[in-house]
Each structure stands twice: as structure tokens, then as C-alpha cells.
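A.B. asks: The primary structure of each chain is shown beneath.
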Amino acid sequence: MKVIEPHIHMIARTTHDYERMARMHTVACCEPAFWAGYDRTSPQAFYDYFTHISEFEPKRAAQYQIQHYCWICINPKEAEDVAFSREVISFVPEFLIKSTVLGVGEIGLNLNTSNEMTIFQEQVELALQHDQLIWIHTPHLKDKLKGTKMMLDYLKGHGKINPDKVAFDHCEEHTIRMIRDAGFWAAMTIYPTTKNSPGRVVDALEIYGAEKMLVDASGDWGPSDPGTLHDAIFEMKRRGHKEKDIEKVFYDNPCFFLGQCSKFMCRPINT
Amino acid sequence: MTENTPKTIMGSPKTAQELLDMYFLDARSQLLEAAAIMDRIERAHGGENVLNDGRLKQLRDACGIIKNGKGNRVEQFLLLMSEPEKE
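In order, the protein sequences belong to chains A and B. Residue numbers 59 to 329, in our numbering, belong to the letters of the first sequence in order. Residue numbers 11 to 97, in our numbering, belong to the letters of the second sequence in order.
Here chain A stands alone, though its shape is the one from the complex (with noise of 0.2 Å):
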């Protein structure tokens, strides 16, 4: 079965973790923008890194036979700066028009700040402009519920928003109804301590079914490993969930929304 890995930081991965993903039949991987552990210093980094997620990494995927897309934005954990992060979003369009890049993001809250949102706004609108696909980070922890209502209530208002084309990551029991229930796409992290286990990962299928959810690793510098999404899979065999539901989730859907986006070249098998 092919596995596609919705949300990875191969930036802060070693090769080896590419060697892993390939052999767990993973084919293809998506790099959105985010922080790097420190604030960067300058825009400048930020162009350094957006060329890095855009030229560099597909390189190195291809190496293992995994296709590499990635999302440019300013992350929301650097938003806060409201003036230099306009000056990151100038150069965002021209990374759009890249051949491995899917769209703006990803974009969001972090301490539910106004300066956060004001940036988040922003960016809405660019990717409004540019036509792009839209992958929302949502924040951590106690901050969680109010940022994705904060950021689900500007959506549901602005009137120019066809859900079918954002995705709001991160989500657990207390936030995917909400989210669905407005027709975005719903994601799931499996990190080992915070975010979602697979089991959970599992119950909430189980419990909201398969459409519109996507499930990722979301590994980066931390705590976390590509492996988790592999773990899931195995998850629902042993609940003795059938191939084909499975496919969907870790193949089909992600096909579904990031297919929206005519660079991205996966196509569903079950349509």
C-alpha cells in the first residue's frame, strides 16, 4: 500500500529517516514552512529556507523515489513581528510559482496574539490572489481550542473561502467536529507525547470516519518520527479495518485535497 506523509520537517531529518519513509512505501511528502527551533534573524533566512524546502529537498527525496512538495509562508510562531513579517510575505510569490510548491502555509496561531492574526489574515488574502491551497497550523496545548475557533470564525465570515481548499492541522477530539462541520479538511498529528497516539488517531476515524481527515507525523527537530504515520497504518489492521478504508485515509485523501493543486501529481485509487 502507498502511504503519502501530508506534514514533515525533512529540513531537521537526517537521510536516513528518507531510507525509512521509502521502504514503509511512503511516496510522497509535503515540507509547509515553519520555525526552525530559533527565531530567524533576518528575511533574508527566510529566503535561504524557502529555497532550501523548494530546490534542495525534492532533490534529496528523489534519491529514495519520494516526490517532496512544500508550503511557503511565514510561520505563525515568527508573526508576531508584524513589519518584518510583511517583508517575508513580498517574497512568498515568487516561491508560489515553483514547481514543487503546493501552496501558502502553513499559517496560523500560535498565542492567539492580534499581531498573529493581523499576519494570518494576510496571508489568507495572498493565497486568495495566487489561487493557492491553504494548510493551517493550529496551536499547542491549552491554546489550541480558542485559536482554531478564533481562525474558523474568520474563515466561516470572509465569504471568498471554499473550504474544500484549506486544511487545519494538528486537530484532536475537542476541535475536528467544529472544523468539519464547516467543510475543511481536518488533520491529525501523531507526536509521542503531545497532539494525538495513534490509537486516538484511530478512535477519532472510527468515530468521525474518513472523510475530509488526513493524518501526519509532522516530524521535525523534536520530539517526533516519521514512523508514527507507519504506525497508524498498523494500528488499523490490528483493529481489523479493511485495505481499502485504510488506503483512503493514508493515500486517497491526501490525493483528494493536495491533487487540488495541478503540480501535485499522485492520483487516488479509489475514487
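To be clear, the hints were calculated from the coordinates, so they are not data collected in a lab. Take these hints with a grain of salt, some might be off.
[Claimed, not checked] Restraint-style ranges between C-beta atoms, simulated for each label pair:
| # | chain 1 | residue 1 | chain 2 | residue 2 | range |
| --- | --- | --- | --- | --- | --- |
| 1 | B | 73 | A | 296 | 25 to 35 Å |
| 2 | A | 326 | B | 69 | 16 to 26 Å |
| 3 | A | 198 | B | 60 | 18 to 28 Å |
| 4 | B | 65 | A | 140 | 24 to 34 Å |
| 5 | B | 25 | A | 141 | 52 to 62 Å |
| 6 | A | 281 | B | 60 | 16 to 26 Å |
Yeah, the Cβ is synthetic: ideal placement off N, Cα and C, and Gly gets one too.
Given chain A, put chain B in place with the hints provided.
C.D. replies: Then chain B, alone, in the frame of chain A:
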């Protein structure tokens, strides 16, 4: 759920008895770890002083949800751990 909510709920192919057999030891282990962490904090130097820390209270309240909740314990747990929406 609203009319927009997809209706294709997958459900569990396993019976409740099968799931209990599969997961009892996992649940036992994870609850035991939580108990051990709370004991560890309590017996450490200054343990008495942190008994009223809001985070420990949240954990004790979460234990109540696990014991007395029904059907949506996970969602209740996460709501308990969330910042109030309006300050």
C-alpha cells in the same frame, strides 16, 4: 452533528470484549505511570507546596473525568486542559 457532517462513520470492526482484551494492559500501564508521577512530585522536596498547583488540580480533575465520564472522556479531558475562550 450538523447536516454538513459526513455520515460515513467507520465504527470499530472489533467487539467491546476484543478491544478490552487488546487494550487492558496498555490502559493499566498508562494510568499507573500517571499515579507514579503524582506520587513522585508529592514525595519530592517541596511536594507539600505544589499540591495546590493548578496543573496538579487539572490532573486530579482529569482523573474524575476518566472515572465518571461516559462516551466522550477524551474531549472532556481536552476541554478541561484548554484556556478559557473569553477572558
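A.B. asks: Would you mind marking each hint as holding or not holding in the structure?
C.D. replies: Evaluated hints:
At roughly 28 Å, the beta carbons of residue 73 of chain B and residue 296 of chain A sit within the given window of 25 to 35 Å. In this structure the hint that residue 326 of chain A and residue 69 of chain B lie 16 to 26 Å apart at CB is violated, the actual value being about 43 Å. Distance hint check: the CB atoms of residue 198 of chain A and residue 60 of chain B are about 23 Å apart, consistent with the given range 18 to 28 Å. For residue 65 of chain B paired with residue 140 of chain A, a C-beta distance near 33 Å keeps the hint of 24 to 34 Å intact.
Distance hint for residue 25 of chain B and residue 141 of chain A: a CB-CB separation of about 60 Å, consistent with the stated range 52 to 62 Å. Between residue 281 of chain A and residue 60 of chain B the CB atoms are about 25 Å apart, so this pair conforms to the stated range of 16 to 26 Å.
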